[in-house]
Each structure stands twice: as structure tokens, then as C-alpha cells.
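Trainee: These are the residues of each chain, in order.
There are 2 protein chains.
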Amino acid sequence: MARTDARYREAFNALLDYCAELSPRAPMPSESKLCEIVGVSRTVVRRCLARMEEKDLIAWEGRDKRLLRAPTAEDRIAQQGGLQRSTNLEQRFLEWILKFDVPANTPLSVAELSRSFKVPQHELKEFLAGLSRFGLVARRKQGGWMLLGFTRDFAVELSDFRAVLELHAVRQAVDAPVDHPIWSRLEILRADHLALMNRIETDFHAFSTLDETFHGAINSVVKNRFVAEFQKVVSLIFHYHYLWDKTDEKARNEAAIAEHLAIIDALEARDEEAATIAARRHLKTSKTTLLSSLRYHDLA
Amino acid sequence: MARTDARYREAFNALLDYCAELSPRAPMPSESKLCEIVGVSRTVVRRCLARMEEKDLIAWEGRDKRLLRAPTAEDRIAQQGGLQRSTNLEQRFLEWILKFDVPANTPLSVAELSRSFKVPQHELKEFLAGLSRFGLVARRKQGGWMLLGFTRDFAVELSDFRAVLELHAVRQAVDAPVDHPIWSRLEILRADHLALMNRIETDFHAFSTLDETFHGAINSVVKNRFVAEFQKVVSLIFHYHYLWDKTDEKARNEAAIAEHLAIIDALEARDEEAATIAARRHLKTSKTTLLSSLRYHDLA
DNA sequence: TCAATGGTTTTTTATTATTCTAGACAAAAA
DNA sequence: TTTTTGTCTAGAATAATAAAAAACCATTGA
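Read top to bottom, the protein sequences are chains Z and A. Sequential numbering from 1 applies to the first sequence in full-length UniProt numbering. Sequential numbering from 1 applies to the second sequence in full-length UniProt numbering.
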């Protein structure tokens with residue numbers, strides 16, 4: 001019960017690795033130095049040292065710590081099964097919602113999600129609390145959480161908000177200095193777009209990734225933590241929706257490539273007016289696509 | 001330990017209130033009806049009914065539940081001390097940071113905050129997880145949380161982001177139909193501003209609230225959950241910073257009133273160009289004020 | 001026959017208790 | 001002095017647990 005000692009186990013093995021570098025009988029660094037080396041508190045380091053002494057790996061008396069023998073594979077401590085990655089939970093969660101088309105107003109069971117995502121319950125709760133800031137989920141009066149989900153309103157507001165941020169980014173990009181990395185990125189993107197256009201008949205589904213890269217590049221001009229945070233979610237949602245709505249995919253992507261190229265042209269010409277118009281047109285198309293994919297699913 | 005029965009206690013009293021309306025010997029509604037009435041699960045309702053039967057308030061046999069006597073004040077169940085409001089935790093937390101000028105990179109102790117705000121630990125964790133979406137706090141590698149706080153970068157990015165949102169709102173407002181509530185709100189605000197201008201010598205500190213109302217009105221034109229969510233935090237931060245930086249407060253507020261009036265004038269003239277310029281000027285002033293208040297505190 | 005209701009059980013949530021970890025302090029050594 | 005260690009206290013992560021929700025099934029009564 002209670003807190004796991006995964007940290008101690010990891011630290012112990014890390015210390016063994018460090019000792020392997022050391023020559024036998026060499027004095028070991030001070031406890032606080034070892035803390036820095038394995039990135040853990042002195043409490044844990046001392047626990048590790050105690051075990052090493054017990055296993056006759058080191059002689060430890062006061063400040064004198066000496067390696068007695070080279071550590072072997074058997075000395076290593078087993079990692080408790082779990083070690084489940086709670087990284088990219090966000091991505092996995094959104095992927096789940098969009099791929100399985102979880103409908104709006106679905107109650108979310110923390111217990112169930114915790115099992116399927118192999119993540120401790122409390123971590124999921126914190127994650128959901130974070131998502132509630134984006135209005136994607138909300139607490140229920142009876143307790144627990146509920147997916148507000150991709151309703152029509154949500155999609156409209158998301159698209160509008162995205163448009164506000166991205167038009168701002170476009171305006172900033174026009175004013176970017178010549179040595180700004182955006183210009184070389186745009187050149188590469190232009191080439192990629194033209195290349196894809198040539199093999200569009202077969203590779204039209206490769207557009208989704210390109211789209212994400214393109215919008216990422218545009219938004220990278222704006223150095224703002226709030227924008228960046230939103231962008232992460234926005235792009236993920238648009239990305240999966242694109243993957244998912246297969247109607248007229250080739251035609252849509254072909255049109256989108258043309259729209260992207262128009263934006264690149266206008267940006268490189270430093271023509272704010274034209275760039276804004278081109279961006280607005282493309283964002284409008286995106287919004288329409290997102291909405292129609294929702295409509296399609298409402299019928300299903 | 002474990003979950004409290006506050007819900008049961010509240011439900012029981014609510015049921016008593018409901019019974020008080022009933023005439024004695026009257027049959028009570030079905031369990032599921034009672035659930036809807038008090039907004040609680042059947043499990044809790046049945047626990048309440050069991051207690052009512054035990055206290056000889058009702059006769060209960062199968063579907064036949066009859067009130068035996070009118071409930072008295074003594075029948076009520078005591079609410080367990082706590083009932084601590086975890087509402088407006090956000091406001092209280094930001095208030096604490098800004099009022100006590102908690103510096104950036106301060107480690108936040110969940111245990112301590114939990115005590116001082118009288119809120120269960122896990123609720124605080126969820127709250128902090130939410131705030132981390134705004135980049136105001138972050139997890140530490142060693143565990144726990146840390147206030148990233150109001151650094152210069154944070155203030156700049158916050159101001160910029162606010163400007164993006166608010167300029168968008170201004171552009172929307174210009175296009176708002178004549179019967180949109182914004183116009184009457186602006187008329188009232190104009191009068192309020194003029195009134196405050198007349199008594200500025202004595203009441204200049206009343207501007208802070210007026211400022212919040214003004215920006216709230218402008219932003220109310222944009223109906224967007226993302227904007228609204230951010231606006232809550234943004235306005236709170238600006239609000240407290242205004243309250244807090246006392247240098248040249250009268251002169252600053254007087255100037256700000258003039259800037260507000262210029263925005264109102266331009267909006268009512270439906271002049272997008274002028275409105276944008278006026279708004280941009282005001283936002284720039286705000287940003288400068290916010291930054292200088294930080295500089296002032298850095299020295300302290 | 002069937003919808004609504006009640007008894008019962010299973011599952012999930014909220015919260016505490018517990019173990020591990022971090023950090024602080026003072027004594028000891030260099 | 002300055003650094004290092006022994007000791008202690010407070011805090012964080014997590015499992016255990018009581019309460020609540022929800023599902024299930026039998027029963028009632030139209």
C-alpha cells in the first residue's frame with residue numbers, strides 16, 4: 001500500500017551503473033554528490049548505500065565509502081512490474097475519443113479509463129481536471145466526470161478560436177526578419193507541398209501530417225505559452241478529424257494544398273493583406289470540413 | 001477515513017423539508033421519484049428512508065411509505081463541521097499569490113495550501129493540474145508543484161495574448177447588430193466613466209472595478225468557451241495588479257478612463273479602424289503598467 | 001404483457017491512512 | 001570556515017476503504 005519505492009529501485013540501479021565506471025577500492029563521492037548524479041534525494045541515496053553495504057558491494061564507515069567489487073547483473077534490483085508510461089496520456093486519450101467516436105455527454109469512468117490506459121487513477125483525475133479548462137470534459141453533480149465532447153458548438157468555437165490565433169500568427173510572420181527560421185521552413189514546406197501534389201493520386205492521405213507541420217510552422221512564429229498550449233490540443237483534434245472523415249478526401253486535400261501554397265506565396269511576398277485573405281479562406285475550409293465530418297457522424 | 005457521508009446528511013434534511021410539505025398519512029412517491037427530488041442516488045434515498053423509519057417518522061413496507069408525523073427540528077441530522085466551500089478556489093488562490101506577492105519559482109506545498117485554503121488535498125492537486133494548462137504552475141521533477149509565477153516573460157505573453165483576444169472582440173463588436181446588448185451596456189459604461197472622471201480626485205481607486213466591467217463587456221461580444229476561460233484568469237490577474245501598484249494611480253486611472261472613452265466612441269461610430277487603434281493603444285498602456293509593477297517589485 | 005418499483009449486488013468515486021521521499025538542522029570532520 | 005553526515009520533520013504519491021452510484025433482477029399491479 002501507499003507510495004511505491006520505484007524511485008529507490010531506479011536510483012539503486014543507476015548507482016550500480018555509476019560504480020561500474022569506478023575502479024575498485026576507489027573512494028566514492030559524498031552523499032550529496034551522489035544525489036546530483038542520480039537525481040534523487042539524500043534519503044534515497046542513503047537507502048541505496050545501506051543496501052550496497054549489506055550486499056558487500058561497498059565498505060561504508062562514516063565518510064569513507066569504498067567499492068569492494070565490481071557490481072554484477074545479479075546485484076540489480078528488479079523494477080516493480082508497472083513502470084507504465086503516463087506520458088502522452090493526452091494524445092492517447094484524444095485518440096481514443098476520436099477514433100472510437102465517443103459521443104458527447106458520455107460519462108467517463110475514471111476506474112475504467114485507469115485500467116485501459118494503465119495509468120493510476122489520481123493521475124487521470126488530474127488530467128481530466130486539466131482538460132476541463134478547455135471545456136472538453138466537466139465534473140458531474142453526482143460525482144465523476146463527463147465528456148462534453150465534440151458537439152457542433154464545440155467545433156465552431158474551436159475553429160473560431162483557432163482562426164483568431166492563426167491569423168495573428170500570420171500577421172506576425174509577415175513582419176518576421178529575413179533571418180527568421182520561418183522562411184527556410186516555408187521553403188521546405190513549399191517543396192513538400194509541390195512534391196505531394198505531384199503524387200496526389202496515390203499519396204493523398206499523406207496530407208494530414210503535412211497539414212500539421214504547416215500549421216505548426218506558422219504558429220511557431222508566435223512565442224507564447226498560452227498559444228502553444230492551445231495549439232497542442234487544437235492541432236491534435238484537427239489532425240484526427242482529418243484522418244477520420246474519408247469523404248472526398250483526395251479532392252479536399254488537393255484543394256488544401258493549393259490553399260497552403262497561396263498562404264506561403266503571400267507570406268514570402270510579405271503581403272499582409274493577401275496572406276490574411278488566403279489564411280482566412282483556408283481556415284474557413286477547415287472549419288467546414290470539421291463541421292461536415294461531425295454532421296456525417298451524427299447521422300450514423 | 002474514506003468518503004464522507006455529507007451527501008446522505010444533506011439528502012436526509014432535504015427529504016425532511018419535502019415531508020414537511022406533505023400531509024400526514026399521505027403516501028410518499030416512489031424511491032426513484034424521491035431521487036429526482038433531492039438529486040441523489042437511490043442508495044442514499046433508501047438510507048434516508050431507513051433512518052426515517054427507525055425514527056418512527058414514516059411507516060415503510062415495500063412500496064407503501066406513509067408519513068406518520070410532521071418532522072421537527074430535532075429530526076434533522078447535523079452537518080459534519082467541514083462543508084468547506086471549495087468554490088472560487090481559483091480566485092482565492094490568485095488573490096493569495098498577488099496579494100502576498102509570492103515570487104516566481106516558489107515550491108508549492110499541497111499539504112500547506114490544503115490547510116490554509118481549507119480544501120481537501122486532492123482537490124488542490126486537480127486545481128493545480130488545471131492551472132498548469134495556463135503555464136502558471138508546473139510539476140517538479142522531485143515531485144510536488146511549483147509556481148512559475150509572474151515573471152517578466154509571463155507578463156509579456158499574457159498581455160500579448162490578451163491583446164489578441166481583445167482586438168478580436170473589438171472587431172466583432174463593430175459588426176454587432178443594433179439590437180445587440182453590447183450597445184446599451186456601452187452607453188451605461190460611458191456614463192459611469194464620465195461620472196468617475198468628475199470625482200476622480202477622490203474616487204480614483206474605484207477605477208479597478210470599472211476597468212474589469214469594461215473589458216468584460218467588450219469580450220462578452222465573443223461567445224467562445226476558450227476565450228471565456230482565459231478571460232477569467234486574465235482579468236483576475238490584471239485586476240489585482242492594478243489594485244496593487246499604487247504609483248501614480250490617479251494619473252494612470254485618469255488616462256485609462258480617457259482611453260476607454262475613445263474606444264467607446266469609435267465602437268459607437270462603427271469605425272473599425274479607429275476602434276482597433278484606440279484598443280491597441282489602451283492595451284499597450286495596460287501592458288506597460290503591468291510590466292512596471294513587476295519591475296517595482298523586483299527591486300523590493 | 002409490460003412498465004414501473006423495490007430488493008440486492010457490483011462498480012465507482014471520494015477521502016483517509018500509510019509508506020516513501022525530500023528537505024532542514026545541527027553535530028562532526030576536514 | 002566549509003563540507004559532510006546523522007537525525008528528524010514535513011510532504012507527496014498511492015493503496016485501502018467507506019459512501020455513493022448504477023446495474024441487475026425479481027416482483028408488483030395495471
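What the hints contain is simulated information worked out from the structure, not anything from laboratory work. One or more hints might be untrue.
To be verified - Some chain Z residues well away from chain A (every beta-carbon gap over 10 Å; in silico):
| hint | residue |
| --- | --- |
| 1 | Met28 |
| 2 | Ala129 |
| 3 | Ser208 |
| 4 | Lys223 |
Said to hold, decoys possible - Simulated coverage check for chain Z against chain A, where a stretch passes if three residues somewhere in it have a Cβ under 8 Å from a Cβ of chain A:
| hint | segment |
| --- | --- |
| 5 | 65-75 |
| 6 | 118-126 |
| 7 | 187-199 |
Given the structure is predicted, the values throughout are model-derived calculations rather than measurements. Glycine included, each C-beta is placed from N, C-alpha and C at the ideal position.
Trainee: Where does the structure disagree with the numbered hints, that is, which hint numbers, in rising order?
Mentor: 2, 4, 5, 7
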